[in-house]
Structure formats: C-alpha cells, structure tokens
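Protein chains: 2
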Amino acid sequence: MTAKSPLHPVPSAGNDASPFFVRHGVDGGARAGTLHTAHGEIPTPIFMPVGTQGAVKAMDHRSLTELDTKIILANTYHLYLRPGNDVMRAMGGLHQFSTWNRPILTDSGGFQVFSLRELRKMSEEGVEFRSHLDGSRHLFTPENVVETQRAIGSDIFMVLDECTAFPATHREAQTSMELTMRWAERSVRRHREVDTYYGFPQFQFGIGQGSVYPDLRQQCMRNLVDMGFDGLAIGGLAVGEAADDMYATIDVSTSVMPADKPRYLMGVGTPENILRAIELGVDMFDCVMPTRNARNGTLFTTRGRVNIKNARWKTADESIDPGLDVWADRNYSMAYLRHLFQAGEILGLMLATQQNVALYLWLTRTAREKILEGTFRPWARETIDRLMAPRE
Amino acid sequence: MTAKSPLHPVPSAGNDASPFFVRHGVDGGARAGTLHTAHGEIPTPIFMPVGTQGAVKAMDHRSLTELDTKIILANTYHLYLRPGNDVMRAMGGLHQFSTWNRPILTDSGGFQVFSLRELRKMSEEGVEFRSHLDGSRHLFTPENVVETQRAIGSDIFMVLDECTAFPATHREAQTSMELTMRWAERSVRRHREVDTYYGFPQFQFGIGQGSVYPDLRQQCMRNLVDMGFDGLAIGGLAVGEAADDMYATIDVSTSVMPADKPRYLMGVGTPENILRAIELGVDMFDCVMPTRNARNGTLFTTRGRVNIKNARWKTADESIDPGLDVWADRNYSMAYLRHLFQAGEILGLMLATQQNVALYLWLTRTAREKILEGTFRPWARETIDRLMAPRE
Chain A
1 MTAKSPLHPV
11 PSAGNDASPF
21 FVRHGVDGGA
31 RAGTLHTAHG
41 EIPTPIFMPV
51 GTQGAVKAMD
61 HRSLTELDTK
71 IILANTYHLY
81 LRPGNDVMRA
91 MGGLHQFSTW
101 NRPILTDSGG
111 FQVFSLRELR
121 KMSEEGVEFR
131 SHLDGSRHLF
141 TPENVVETQR
151 AIGSDIFMVL
161 DECTAFPATH
171 REAQTSMELT
181 MRWAERSVRR
191 HREVDTYYGF
201 PQFQFGIGQG
211 SVYPDLRQQC
221 MRNLVDMGFD
231 GLAIGGLAVG
241 EAADDMYATI
251 DVSTSVMPAD
261 KPRYLMGVGT
271 PENILRAIEL
281 GVDMFDCVMP
291 TRNARNGTLF
301 TTRGRVNIKN
311 ARWKTADESI
321 DPGLDVWADR
331 NYSMAYLRHL
341 FQAGEILGLM
351 LATQQNVALY
361 LWLTRTAREK
371 ILEGTFRPWA
381 RETIDRLMAP
391 RE
Chain B
1 MTAKSPLHPV
11 PSAGNDASPF
21 FVRHGVDGGA
31 RAGTLHTAHG
41 EIPTPIFMPV
51 GTQGAVKAMD
61 HRSLTELDTK
71 IILANTYHLY
81 LRPGNDVMRA
91 MGGLHQFSTW
101 NRPILTDSGG
111 FQVFSLRELR
121 KMSEEGVEFR
131 SHLDGSRHLF
141 TPENVVETQR
151 AIGSDIFMVL
161 DECTAFPATH
171 REAQTSMELT
181 MRWAERSVRR
191 HREVDTYYGF
201 PQFQFGIGQG
211 SVYPDLRQQC
221 MRNLVDMGFD
231 GLAIGGLAVG
241 EAADDMYATI
251 DVSTSVMPAD
261 KPRYLMGVGT
271 PENILRAIEL
281 GVDMFDCVMP
291 TRNARNGTLF
301 TTRGRVNIKN
311 ARWKTADESI
321 DPGLDVWADR
331 NYSMAYLRHL
341 FQAGEILGLM
351 LATQQNVALY
361 LWLTRTAREK
371 ILEGTFRPWA
381 RETIDRLMAP
391 RE
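For the record, the sequence lines run as chains A and B. Using the working numbering, read the first sequence as starting at 1 and increasing by one per residue. Using the working numbering, read the second sequence as starting at 1 and increasing by one per residue.
Just so you know, the hints here were simulated from the structure itself, not pulled from any lab data. As the structure is a computational prediction, the values presented were derived from the model and not from experiment. The reader is advised that the hints may include incorrect statements.
Same chains, same label: a pair holds when it works inside one copy or across any pair of copies.
To be verified - Here are the simulated EDC-like pairs of lysine to aspartate or glutamate, each with C-alpha atoms no more than 20 Å apart in a straight line:
#, residue 1, residue 2
1, Lys-309, Asp-134
2, Lys-314, Asp-134
3, Lys-314, Asp-86
4, Lys-314, Glu-373
5, Lys-314, Glu-392
6, Lys-121, Glu-178
7, Lys-309, Asp-86
8, Lys-261, Asp-27
9, Lys-121, Glu-172
10, Lys-309, Glu-118
11, Lys-314, Asp-251
12, Lys-261, Glu-318
Modelling step: build the complete structure from the supplied sequences, incorporating the hints.
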C-alpha cells in the first residue's frame, strides 16, 4: 500500500554503473570518498547521527536535513522488539514508516544484546536473550538478523557479531572472534540467497573483533575481506580499553583493509577520536555522544566544550556557536539555553542536540574538505585543541 | 547591552494613533478584533499557547511562528523564581532573553500560588508562599507583581488576584473577591506610577473573581471596568465547577464588560469550551490542554480526538491531520507517531504538541473568519461535533 502513497517517493534502484564506494582523494592515511545508495550519496568521512529506535532523540527530520545529515543509524535490536518486523513489513520498511528519505544504516543489535549481560545466552546457533522491555525470550541468529534488516530495509546493514567483553584474555578474544567469523560467513550466505524486499540494494558490512590483540584483529579483518563484504567495520572498541590501545587497534585493522572498501568505526567517539581515526583511514562514524551529552547539557562547539548549566552562562547574551553558520540563524542565546536546562524544558534538549549534531557533521564535512585540499593533518591538530578545551 | 545586539531588534514604541483594541465585526455575541502591541498585531479571537517558563513545552520558536502563533503566555510566578528578576533585567526582558519577538502575555502568578495550598499564607498585604523548587519564602504583593512583570517586559500583564477556591460559600467568595478588588486598585495605582523598563507599552488587565455567583461576578467586573484597565479577564473558572455554571459565569461577566475592551478567559479549555465562550463574547484564551494532552498522546485533529497510543494506529499510513495545511507538509504518519510514543521518543512529544497547537490556532483563526462572514454559530456547532468526537 505504501508504495502508492504520495508521501513516500520510492527511490530508484540505483544506477548499476556507479560502484558503491568511490575514493576521491587521500591525504596521508585519511581518505575522502562517496558512498552511493538508492536514497542518496554519502560523502566520506561521515558522521551518522544515532536514531536507535528510528528517530534521532529530540530532533525532527527537517532539522536533520537542514544540518545536512546524510545518513542516520538505527538499531536492529530495538526495531525488532518495537515496532516489530510485522509492522515494518506492513509499512514498507523504515524509510516509509519514518518518512526519513535519506540513507539509513542499521546496526545488527549484537552490541545491544552484549550489553544485556544477565539476560543473554550465547551458542553456536546464535544468542538467546530476554527483552529489556518485557522479559520475553528471543533468539538472534546471523540469518534472522539479516531477515530483520531486510524488513527494515536499511541501505547499509551489519552482520550479527559477538562484541567481545573487555578485558579478555587472548584465548577468550580468539574464541569470541572465531565465533564472529563463523557468523559472518552465515550472514554473507543468507544475504546472497535472498532478495531485498523493497526494490533497492542493501549493502552488507562485516564487523571485525579481536579485542586489543593485533594478531587477532588482523586475522579477523583478513577473513572478512575474503568474504567479499561491501564494507568493513571495526567493532568492540570504546568498551573500556586505553585510548592508545584503541588507536593501535584501528591502525592494525585499517592496515589490512582494501583501499576500495568503506571503513566504519562503530560507536566512537569524541571529536578527537574521530579526527584521529580519520587520519588512520576510517571513513564512517556513529556515536551517541553528541546526542546523549546534549541531553546532559554538555555542548560541543567550535570554540570548545561547554557545560551549559554552569552559572557563568547565566546572562551570556551570545549565540551558542557563531562558528556554525547553520546554527547561527536560530539565534538562541547561551543564557536562554541555560535557563531551559535549569527549568527542565524539552526545548533545551532540542536545541542542545541540534548544536552537537551540527558540530559533528561540520567536523566530518570539514575533514573531507581538508583531505581534498591536502591540509588535513595540521587542521586536525588545531581543531582537536580548539574543540576539546573548555570554552573560554 | 542587549538593545544593541543585532539578534534582538527593538520594536518601535507603537503608534500612539492606534488604539490598543479595535473591533472589526460581531456575529451574535461573538466578536472579531485586533490587539495592537509593540511586538505585533494580534487578531482576535486568539488562542495563546502556554510557555510557562518562557518556552512552549517541546516546541521551538520557528515552529510556533510557522503555525502563526501571534502571542504566547508566560508565568510571572515561574519566571520570578527562575531565572529571577535580576537575570531578566540584565537580559533586557523576556523578549530579548528568549529571542521570541512576538507578543507575550504574563499571568500574575496568582493562580500558581493558589495551587500551592499548603505552602501559602494570604494577608491584606499579599500572599506569602514557599517556592515549589527549594522551599524558600517569598511574598507577592500587587505592587511587586507589577514590578516583576516590568522586569519581564510582557506586552500584556495581569494583576495579582486571589483565585477563589471551589466550592466556596457566597460569603467566602465575596470576601475573596473584595480582596482581589483592593489588590486590583493597588495594581492600577502602581502601574500608573512607574514607566516601563524597555521603552514599549505594557497593557494591564484586571481579573474578575466571584466564584459561580452571578451577583458577585457582576459587581466585581463593574468595579474592574471603573478602574480603567486596558483589558478584562475572567479568572477562577475551570477549577471544578459544572460546565453550565462556567458558561453562565462567562455570560454574566461579558454582559457587563464594555464592548471596546478585550476580554480574556483564563485557563479554559477544550475546543468546545473555546467556541462556546467566543459565542459569549470572549476574545482571548490560554490553556495547557493542547500542549499537556499532546505529551500524554491525546491529539486534537480536525477529524476528531485521537489516542495515538491505541493499537488501531499501529500501521496507519495516513498523515496526522490532512485538514491542517500547515501540518501536512511535515508528512509524518500516524503509525510512526504511535511508535514514537510507544518508544518514549522526545520526537513524539514534539510532533503531537505541534499538532495540538496548530489545531487550537486554526480554531480561533477560523472562528474569526466565520465571525467576519456572519456564519459563526452554524460553523461552531458543526465544528464542536466534529472535533470533540473520537476520530473514526
């Protein structure tokens, strides 16, 4: 029914002549490229705002579009539980259900099930878990997670993986990574057996694990490369390891990834983390940090970090971030935003979220410009210093 | 400092040749007019969305402007406690503080202090109360409530009144009303003694009390008329009395109001209440109902009332209210809005609030058109039936 609705333009199935990923330039390890999907092109490096349940928290689609959001992330675990695959199929997939017509990437839910700890049971077949909503029992397998993501109709989707706990011994990490590899093979096989539901291509990414052990990370990533995924992700980071271990792990992972496949670092991180990972050759990012921190009153601005609840902003009649053009026209003052937080107003969450998402999108957009100009590294260093410091 | 900010255009002080209120037409008891303020014209009848703490809950200024909000209401009690008069003065008043550049009406806080019950103590001088935020003691007097509203710089402001408890005996209601009258005289006197802070006129409204006793209501309103207020309000309704008593009280109140002064029914109510009160000669309305009900998932639409959480909307691929042009372009479906409520997403509160505010603004805007056409009564009857029924 939905395909006929005038509210829901159906994208073309894409031009088969365009490869999924094209690189336009490199600057040291950093890369600039474009992903081609049925719902639009995605310039890389790119930050993907997190819309776990099919909505970026406290933002509407128009604001996302105005900030030039190219792609959002949604979560298979959450959407499987609610609204469920039956609703998703009936509505013609998440694009039509949500009327978000730009690209969507779905995480597989592996990380969320991993976070349930007490409520899950791993086996070769898959992972059994209890819903955090109502305690009901469910089984995720590599195959049915592909199926759920077919129902969602995301442009890019992730395989089911086991996010290795941290810390893990080498043996534990190896055992876990090998399970992830067997699941990855099953995921590829299932994806190749089935057609997409809604007439446009869905691209499948593998996820590398191996904790902080370079040999495991490399072995894992080489296996994934051989499986022929459309893109490759680095999972299992920002789970408690030292920053240096995280960067080293990114480095060993990207070093064995082919240049012609997009590279996605999952769930990371601060503006500094993102710029340093770009320098290590990563193309795609998601993180709850900008949206979650916004709701706690922590703002990222081009002039540094701000705790908007601080009394020093009480009568600050200045705009929130004059360094971001897209924001300035909204014209709210720091003092008013502080009042909104003090008073517990939803508008405070809305404005702070817009600021942080705008900042993250500006970050990857500008990184791309600098890569194409060949000035990425000095810009990144200066930007890290400026953004990560407390705002004066 | 703020007067010089390019973000904050300072309005002209108004054209002295324009009277505050002009009537353009009547249709039975219903009136169509225009209020002239320094921050813009307000066509009447008008609904004023409630922004208690200086922000309409879950809406940004742009959405309010797009829905053609002409004036918002804020509350003296809340703004006095937070951010406080010192911040308000430093920021140049609520318009500059919030960057809401259209008209603002402030309630005096009488109703809020009345709601504190256990925390307040009435005297001839004023009302002593404890803050609901931190338990600190404060005294509101007619004079200092004028002062706080000077600091806020609202275009229209209300006197301090005692909202008579319901039920009340005739004697209790009379005693309370007489106190309100003495306070009203003090309020007028203070307002005439002082200049406004920010260079534009502030219009002062009196508030009628008298519970559901026609003789007290008429006596009270006649006194207020004699005091020469810029406008007249009917207070102390929708506090538990029968609907018929409410309408009868509105009727006896408007019957003694002069035709050339605007009439404001405070805190009322449903679309039916509003249309019936317009027929009884009321011009201005505020109520938390559209915004509060929205956050509970109750939508007002031109096709009837909706509980968006109901399972019947689970796969409803239809727009939320095709009867409202301004809304249709947002293109969200009922099914997605239901999902957002089920999932506890802030976006659900945002979209539902926009719908209900749009509906209430459409209601008074259309009422005005029908009054000017001379077709108000049949339209109002049909509209009440349509809006108040559950949506099919």
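Each hint, compared with the structure:
{"no.": "1", "hint": "Lys-309 <-> Asp-134", "result": "between (35 Å within a copy, 17 Å between copies)"}
{"no.": "2", "hint": "Lys-314 <-> Asp-134", "result": "between (43 Å within a copy, 19 Å between copies)"}
{"no.": "3", "hint": "Lys-314 <-> Asp-86", "result": "between (49 Å within a copy, 10 Å between copies)"}
{"no.": "4", "hint": "Lys-314 <-> Glu-373", "result": "neither (41 Å within a copy, 50 Å between copies)"}
{"no.": "5", "hint": "Lys-314 <-> Glu-392", "result": "within (15 Å within a copy, 49 Å between copies)"}
{"no.": "6", "hint": "Lys-121 <-> Glu-178", "result": "within (17 Å within a copy, 72 Å between copies)"}
{"no.": "7", "hint": "Lys-309 <-> Asp-86", "result": "between (43 Å within a copy, 17 Å between copies)"}
{"no.": "8", "hint": "Lys-261 <-> Asp-27", "result": "within (17 Å within a copy, 71 Å between copies)"}
{"no.": "9", "hint": "Lys-121 <-> Glu-172", "result": "within (16 Å within a copy, 68 Å between copies)"}
{"no.": "10", "hint": "Lys-309 <-> Glu-118", "result": "neither (36 Å within a copy, 31 Å between copies)"}
{"no.": "11", "hint": "Lys-314 <-> Asp-251", "result": "neither (44 Å within a copy, 46 Å between copies)"}
{"no.": "12", "hint": "Lys-261 <-> Glu-318", "result": "neither (44 Å within a copy, 40 Å between copies)"}
Going through the hint list in order, the structure does not satisfy hints 4, 10, 11 and 12.
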